[in-house]
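Novice: Whenever a hint applies, use it, and build me the whole structure from the sequences.
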Amino acid sequence: MGNLIDFTLNIDKHIINIVNNFGNWTYLILFAVILIETGAVVLPFLPGDSLLFAAAALSANASYSLNIWVFIGLFLLASIAGDSINFLLGKKVGTRLLDNRWVQKIIKPEHIDKTHHFFEKHGAAAIFLARFMPIIRTLIPFVAATGKMKYKQFVTHNVPACFAWVLICCGAGYFFGNIPFIQEHFSAVILGIIAVSLLPAIIGVAKEKFSK
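Here our numbering is used: the first residue of the sequence shown is 38, the next is one more, and so on.
All clues given are correct.
Only pairs whose alpha carbons sit at most 25 angstroms apart, straight line, appear in this in silico DSS-like list of lysine-lysine:
id, residue 1, residue 2
1, K158, K128
2, K189, K158
3, K128, K185
4, K129, K185
5, K187, K129
6, K158, K187
7, K158, K185
8, K128, K187
9, K129, K189
10, K189, K128
Quick caveat, the hints were computed from the structure, so don't treat them as lab data.
Specialist: The structure is reproduced here in structure tokens:
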């Protein structure tokens, strides 16, 4: 967990190291991270928003020779494909997987309960909203599938959400990531991005507790 926190908070430095060591393979490596973050239901804690922001910020810097449009295309493909894989897992092995005691050590039952509650409260729109919420965005395709949603209905809401997520995160990184103040306080900015992403979930939990 410590390595994951370090990777998230210093993601710009880690991506620079990847670029220096792997060159154009960086595109494939970051594509794989987003694909796994969205597609592997047991790994919802990998960086998402912050990785898109950092990758786009570096692509705006000519010294790294990274292409923002390649990143946008790959991240779109990774998020859409990852969610589809996640949905398929929910259809095929959803109940059995969640009952596995090893899986429950990674995905707590309360995470599933909160995601179910979120899905029931917001309906199909939850698929769009969840794309901007860490952890929940990884669980919502799985929960939607176990809830017998049709894949066509899921895709209708999911694809626009993936477009919005990638364009907003990459756009913010590309246009604002190389401002000197943001470069000097990059870790704080990443924490801010994570906090803003988690805000809807925090507000929901707070409302639930106060209502009780």
